[in-house]
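Novice: Starting from the given sequences, assemble the full structure and let the hints guide the process.
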Amino acid sequence: MNDIKDRMDKLEDIKIENFIWVIYIAIIFLSWYANSKEKKYLLYNDEQSKREYQNLLILIFSILVIVYYYFAKASYDDYIKLKNENNDRKKNLHLALFIGSFLVLISGVIFLSIAIMDENIDVELAFN
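97 is the number that numbering that gives the first Met the number 0 gives to position 98 of the sequence shown; each next residue is one higher, with no gaps.
A couple of the hints might just be wrong.
Unchecked claim - Below 30 Å or equal to it, Euclidean Cα-Cα: the simulated DSS-like pairs (lysine-lysine) are: (1) K49 - K39; (2) K72 - K9; (3) K14 - K82; (4) K49 - K38; (5) K14 - K4; (6) K82 - K72; (7) K72 - K89; (8) K4 - K82; (9) K90 - K14; (10) K4 - K80; (11) K72 - K4; (12) K4 - K90; (13) K72 - K90; (14) K89 - K14; (15) K49 - K36; (16) K90 - K9; (17) K89 - K9; (18) K89 - K4; (19) K80 - K14; (20) K14 - K72; (21) K90 - K80; (22) K80 - K9.
I should point out that these hints are in silico values taken from the structure, not numbers from a laboratory. In this text the structure is predicted, and so the values were computed from the model without any measurement.
Specialist: If you want it as structure tokens, here you go:
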């Protein structure tokens with residue numbers, strides 16, 4: 000019976016992940032648009048484009064922090080569910096997944112902070 004519940008939980012996770020893919024596609028288009036605003040600012044010293052670019056970066060990284068939080072929390076919850084699991088390898092892999100997800104969340108918070116504080120667009124933010 001537990002196998003059916005696990006499968007249903009995984010299917011629900013896939014449904015949420017598919018929605019997140021749509022969010023990522025929107026982020027790509029927003030980033031592309033933000034780059035056009037940055038280019039306009041750099042070519043023509045257009046202050047309105049600079050403000051729009053900065054606001055778009057803040058929006059983009061705010062959305063990403065929410066997505067990164069979702070993945071960090073989900074990986075933490077999965078790790079906690081394994082408390083009584085006998086398989087140490089599985090526990091270690093889930094712990095590594097949580098640590099990786101948490102570090103991505105931290106990087107998102109740092110990028111968002113830079114986007115908010117960098118008034119002169121001195122730092123090039125990238126998703127490397």
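Novice: Each hint should be assessed against the structure and marked as holding or not.
Specialist: Verification of the supplied hints:
1. A C-alpha spacing of about 8 Å is found between K49 and K39, which places the hinted pair at or below 30 Å, so the restraint holds.
2. Taking the CA atoms of K72 and K9, the gap is near 15 Å; set against the 30 Å cutoff, the hint holds.
3. Between K14 and K82, the direct Cα distance comes to roughly 26 Å. Compliance with the 30 Å bound is thereby established for this hinted pair.
4. A C-alpha spacing of about 9 Å is found between K49 and K38, which places the hinted pair at or below 30 Å, so the restraint holds.
5. Among the hinted pairs, K14 with K4 is consistent with the structure: their alpha-carbon atoms are about 15 Å apart, no more than 30 Å.
6. Distance hint between K82 and K72 is fulfilled; the C-alpha atoms sit about 16 Å from each other, no more than 30 Å.
7. Proposed proximity of K72 and K89 is supported: the alpha carbons are some 18 Å apart, at most 30 Å.
8. Restraint check for K4 and K82: the C-alpha separation of about 18 Å stays at or below 30 Å, so the hint holds.
9. A distance of roughly 25 Å separates the Cα atoms of K90 and K14; the hinted pair therefore holds under the 30 Å criterion.
10. Taking the CA atoms of K4 and K80, the gap is near 14 Å; set against the 30 Å cutoff, the hint holds.
11. With a C-alpha separation of about 20 Å, the suggested pairing of K72 with K4 holds against the 30 Å cut-off.
12. For the given pair, K4 sits about 20 Å from K90 by alpha-carbon distance, which is consistent with the 30 Å threshold.
13. For a cut-off of 30 Å, the pair hint linking K72 to K90 stands: about 16 Å separates their Cα positions.
14. A C-alpha spacing of about 24 Å is found between K89 and K14, which places the hinted pair at or below 30 Å, so the restraint holds.
15. Between the alpha carbons of K49 and K36 the distance comes to roughly 7 Å, so the proposed pair stays at or under 30 Å and holds.
16. Taking the CA atoms of K90 and K9, the gap is near 18 Å; set against the 30 Å cutoff, the hint holds.
17. With a C-alpha separation of about 17 Å, the suggested pairing of K89 with K9 holds against the 30 Å cut-off.
18. Restraint check for K89 and K4: satisfied, since their Cα atoms lie roughly 19 Å apart, inside the 30 Å limit.
19. Between K80 and K14 the alpha-carbon distance is near 21 Å, which keeps this suggested pair within the 30 Å criterion.
20. For the hint linking K14 to K72, the alpha-carbon distance of about 17 Å falls within 30 Å, and the restraint holds.
21. This hinted pair checks out: K90 and K80 have alpha carbons roughly 10 Å apart, not beyond 30 Å.
22. Taking the CA atoms of K80 and K9, the gap is about 14 Å. The hint holds against a cut of 30 Å.
In terms of the numbered hints stated before, the structure departs from none.
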